[in-house]
Each structure stands twice: as structure tokens, then as C-alpha cells.
Amino acid sequence: MNAIRSIGPRIVAAAIASLFVAAACVAGSPLNTILGSSGSTLVTLAPTASPNPSVVPSVRDVQPPAPTHADAPASSVIGHITAGPICPVETVPPNPSCTPKPVAGVTVIATDSAGIEAGRAISKADGSYALELVPGRYVLTPQPLDGQSLRAPAAKSVIVQASADPLVVDFTYDTGIR
Amino acid sequence: MAASGALVLGMAGTAAAASPALSTSSRELSLTGGLTTHITAAAPTLKAPNSVTPQSQAASSEISPNDDVTERTPKVAATPVNPPTTPPAVSGMKVSYGSSGATGFNGLSHVDSRTASGGNQFSLEPPDQGLCVGNGYVMETINDVLAVYRPNGTLVAGPTALNAFLGYAPSINRTTGAFGQFVTDPRCYWDADTQRFYHTDLTLEQDPVTGALTGNTHVDIAVSQTSDPTGAWTVFHLDTTNGDGTLANHPGCPCLGDQPLLGFDATGLYITTNEFSVAGPEFNGAQVYATSKWKLAAAADNLGAPGVVVSFSGLPLAEGIAYSVQPADSVGGYATGHNGTEYFLSALQFGPAPLDNRIAIWSLTGTNSLSRLHPNVNLQSFVMSSETYGQPNPAVQRNGLLTLNTTLTLLNSNDDRMNQVVYADGLLWSGVNTIVTTKDGSTRVGIAYFAVNPDWHNGSLSGHVQRQGYVAVNGDNVLFPAIGVDASGNGVMTFTLVGPDYYPSAAYIRLDEHSTDNTIHVIGDGAGPADGFTGDPAQGAPDNVERWGDYSAAVTDASGHVWVATEYIPGGPRTALANWGTFVARVSP
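Residue numbers (the numbering used here), protein chains in the order written: chain A, 1 to 178; chain B, 1 to 589.
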């Protein structure tokens, strides 16, 4: 099928799908720290009651304010979905225009140790998402975005424990900018 | 799922039929600028001992017989109904610290970049390696500094901040806090025909007070006014704010032309970019720009205006949109068929599938017309079968002493886009980073390389992979390949070697049209782990993934030696924020 197509000089109309704005929350219970499993990124996350004041804001972590206890019920998994890099190189101090952008409409699926879906959430306009899960070991998988060039990040394994504090798990989609 | 057959993407100077699919446009643009600038003179110093004898770099522009005009029966293009699902399994190669036939020196480093321009620079990662060699000079350019050496490593000009070289204000004035231009993605090339050095980069304009991007972007093209890179240069600007320089008709623009890629043939200079929205993250695919190198060189000498720039945008490829379409440089002769032909290669790995087994060849024909007022050129692409390659994971590195980070970082292997392309002895050579499974079962970063033979049939482009293979080390990683090839098809591939057994090191391997050595040579032995700010959680890297690359460089000089440069950890002076450096080497292929 050596089909040949000719395309005349015209104005470009590259197909870039627009982002959805959606929200989702799931019921659940406490959570906590981490561990990983083969085939997915192993992360070690401490329970996060509030933003760590010792962490210097930078290119990749200057994001909308972290949820507070009032925003996220106990045992929630919360986080932000962003897309980056926005600029080809990274600098210190970071360029304010190069902060990764929030991505809405990303579905994050939590599967339990048996591979059964235990919950899913869709990121909001500010990139935030929240899941509530019963204590246990899960793999959080951000789904590919149809029609976009953003490359989905690797799944992360987490252990959700009974806790009053939400577990923060952020994901960054790769823009391809280099 | 794959397109097959030649895809005529667009013509400039003639009318073409409309396509119902993605809309391709071609336009004629103009370069602006004309500022004269210089690289700061340096007191002659030897960067590092080596035994290279300065080479005679007499101009050589041998034009080979017109061997690609013969039309051949096209091969059937790849149409993988079932994309690969398993990463390639590779046995791995030996690693040797003996580097016979090669010598080199420490190139520019993070310290050079950060301290240039009186320290009025940002700390930057990664370096983005540019290298060009000719007329007895070796020129290196990285983010955000350049220097000129003699072939024995003696520094003769620089290090000069790219902002200063381009005539811009410092990227950051440490006294006043004023922001200059954001300059990145440098490359350079010595063209023996015009006897000129060419330097390209991407510049993003910034608000001088806040540093915020204004949205105006351009690719700068600096051309030496003589064959001496330590003399005067002229800087031209190609507006990339909206891809083709017209009104705001590209989605998401104002845009930036990310990672400008540079190629040359007998007549033209070719730049391709990936167009992203400055406000992000819309992606409009690859843009292709072509202009006469002869007119540009003359304009640099103030002997007339630069020629028109033909641009192509909105380029479909298989089931996606083209990205990182790498234009070729040529060694030993150009593709002269079809009134002058410039070739390109690109990868086809469109998300979400992590693997693919196809690559694409592109041709821009009619390039001899680039010096005309209205060039008549034609862009085609063809998809062909290849070995499997796919999205690599970050690369683990050998544990060692850290100064900045508290946890050993991973090195970002980016993706599997096509790297530098060279056309030699009728073949197009290049390689990509790829996920591999090594003999011990580890998932690592390897290199998939290709030698592509262009084919033509009744004016339609096709092609086939004549040679391909993998470079890998059992349990370790190799990443960011660049291949240089001599006129007889003997080549050298450089890359970074890193893994549980190796600090990030500069390495190379020899290959030719028939075989590839089984031994990787380490020429710049890493002195410790990479320990930079982009892997530091305190700087916003929660996954400890540190930027690396983003590309290496390889170029063949007039004597047939291949010069290579790539990132490694040199040891010695560092700053509080990074310890990366580069290694420059000359290798007998």
C-alpha cells in the first residue's frame, strides 16, 4: 500500500486535544508510607500532614498549595499531576515561567496486590487528585492521555496505612521538551 | 497502524494537492539580525595533556558521483499490525580502559558555564553537547558557554558565555538582578565548502525584571566571517515564535522551537525544531527550515542579504505527528540526485505504546534551488521496518561520594528520539536511546543504531535499514549516542557509560558498514557519581532523577579522524550545585 499523498501549502492545524476538567473522589480510609514492587517505580513517601517547610520551592515543586486535613479526609492518597519540563534546560534559581503545568483530566487508577482496581480519580483543573483506599498495598498508575504527546510517568507502589494524614503521591507527565 | 509508502509532505514554490489529513504548510521566511560578535580571546593554555598532533584541515569538499539518482525497486514499508511488546534482549559488550588510536582532553564543564561572564550566568543542567572541527580548530559549545581549542587541546578562545557571544545581556546580572536572554540547545558545524563555522541555539526572550518568558523565541544562526572561529561572527535570527513566522495560527503559540537540530548538504543549511507552546504543554510537531548556506556565508561577510528560508510544519508521520526529524551532515560527498537532496531520519515512538520497530527516512529534494528567490523544494517521508526500540528508564549509577544530594541520583535518559545523523558512503547513520534487557536480566538503557540506505522509485522516496544493532553493557547503561563516520563508512559512536559498575564516563565504540566491535572503550573515566541540582529533592526532584545529555556530538575532520564529545564526571573543581563536565576526543575510526 504505497499510497502517496500530496499536501498543499496550507495553514497548520496540528491536532492537539484540549484538556478535560473533571473531578473525582473515592471513599476510603487511612494510609501511610511506602514500599515498592518490581515492574513499577519504588517510592518511599512519608505521611504528609502539611508541606515540609524545609523544602525549598523549585522548578518542579512550586505547585498549587498542598491539600490540608480539611481538604482531604483521613487515609486519602492525594497529589498533583503536572507536565514538565516546560523549558529545555533547568536553572538555579528556577525560571518562574518554567514551572511544570498542572494537567487536568488525568485518570489515576489504584490496583491492589491482586491486580484488582480499588479506586480511580481524575485530576482537576489545578492538577490535584484524591483517592480514598482501605489500608493495604497498591500500585497507582496514571493513565496515558489520548490525543496528546505527553508521556505518562511510571506507576508507583505505595502502602496505605491507617492514618489521619493523607499520603502525597505526585506524578509528572513528560512534555518531551529538552 | 503504520503508514506505508512515500508520503509527499509538501512543496515550496509549486502548488500541491490538499490532503484530508493533517495539514502541512510551507512558507518562505526571512532571517533578521546581522550583529557582529566575537569569542573572547584566551591566553593559550593546555586543557589537558594529550598527544594529538595538530592536523592540517585543508578544505575538502569532494563531491561523490551521483549515486542516489538511480531509481530502485522500493522495499515494502513496515506496517506492524502487532507492535513489539518486549524490550530487546541484548548480550552486552566488553568494556576496556585501553583506548588505542584515541586521545583527548577535558572539555567545558559546569564550572566553566557558571563562572563565565564574570559569574553572571545561571547554574544549568544538562549541558547539551555541540562540537565542530575544521581549519585547525576544535570548537565546543554547551549550555551556556563555548570555547575554541587547537587539536592538541590548547585553549585559544573562551570560555565565553553564549549570551556574550550572541551579543545579549548576561542571562542574569548578579549585581542588578536584571535578566537577559534564555539561551539553550547549542550546536555547531564546520562547513568545508564555505570555509565557515556555524553555530545555532534556541533563545527565549525574558522579561528583564521578572525573568518571565515573554513568548518571543528565535533560533540564532551565527556564522564566522572567516575560516577562523576566533575572529568575527555574524548573528542572524530565525523567528520561531509561531513556527513559520506568520500570524498566530499555530495551536498554543507563542511557541518555542525546541532543540534545534542542524544539518548541511552541498547547498543548504537545515534546521529542524520541535514546536511547543511557551505556555505549555501543547506540541505542534517538528518544523523543518531550509536556507542557502552560500547566501548565508556571503551575508555574514556583508556581501548581500541571506537567502529565503523555506519552512515546513504540520508534518504527519504514520499514526502520529513527526518529532525530532534529524537532518544529516555529510562526509565525503553529498546526495546530489533530484537536484540536490538533504536526508533526515526520525523515530516513530508515539505514546502510549512504549516500543516500536519502525523508523522514518525523510528527503528534501531540489535543494540546489535554495539560492533562488523562490526555491522549489519537496519534502517526503517513508516509514521502514527496524529493530525494536523503546522508551528507556532512568539510568542507575555507581554509588560514591555525594556533596549535594543525600541519595544517589538516577540519570534521565529522556526518550528514544533520533540522535545526530550523518550521511556517508551512501548510508545514513544514527542511533536512539532504548530500553533493553541485559544478559543478567536487568532493565537498562542501551543504544539502538541504524544505517539506512535511501531508495528511490519514480521520484518517490523509500529506504531500508542496511545495518542495525544494539550497544549495551551487561547490567549497566549506555546513553545519548552520536555517530561520526569517515568517507569509507568507518565510524565511531560516542556515548555516556554509567551503571552500578561505572561512574558516568565518556566512552566510544567502533563500527562500520559490516560489523561492530565488541569492545567499548572508556576514554573519559568518571571520577564519581553525578551529583547535580536537578536530582536534588530539595530543588524539586522528588524522584531523584537528574538531567543528563541531552545529546552528544561526533564529527569527522578532513584527515578522516572522528572527533567526539560527551558528558561525564571529570572530578576536580565543582560548584555547590553540579559536578558535570565534558570530554573531547579524537578517535581513529
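These are computed hints drawn from the structure, not numbers from a lab.
Ideal placement from N, C-alpha and C gives every residue a C-beta, glycine not left out.
Careful: at least some of the hints might be erroneous.
Ranges between beta-carbon positions, derived for each pair [unchecked claim]:
1) B/Gln-466 - A/Gly-136: 36 to 42 Å
2) B/Ala-353 - A/Ala-162: 46 to 52 Å
3) B/His-514 - A/Ala-114: 50 to 56 Å
4) A/Ala-114 - B/Asn-249: 23 to 29 Å
5) A/Arg-137 - B/Ala-212: 42 to 48 Å
6) B/Pro-500 - A/Ala-114: 55 to 61 Å
7) B/Asn-399 - A/Pro-96: 56 to 62 Å
8) A/Ala-114 - B/Thr-403: 42 to 48 Å
9) A/Pro-93 - B/Ala-305: 24 to 30 Å
10) A/Ala-114 - B/Gly-177: 30 to 36 Å
11) A/Ala-154 - B/Arg-372: 49 to 55 Å
12) B/Pro-83 - A/Ala-164: 43 to 49 Å
Far from chain A by the CB rule (all over 12 Å, computed), these chain B residues [claimed, not checked]:
13) Pro-83
14) Ser-171
15) Glu-387
16) Thr-534
17) Val-545
Mind listing which of the numbered hints don't hold for this structure, in increasing order? 1, 2, 4, 6, 7, 9, 10, 14, 16 and 17
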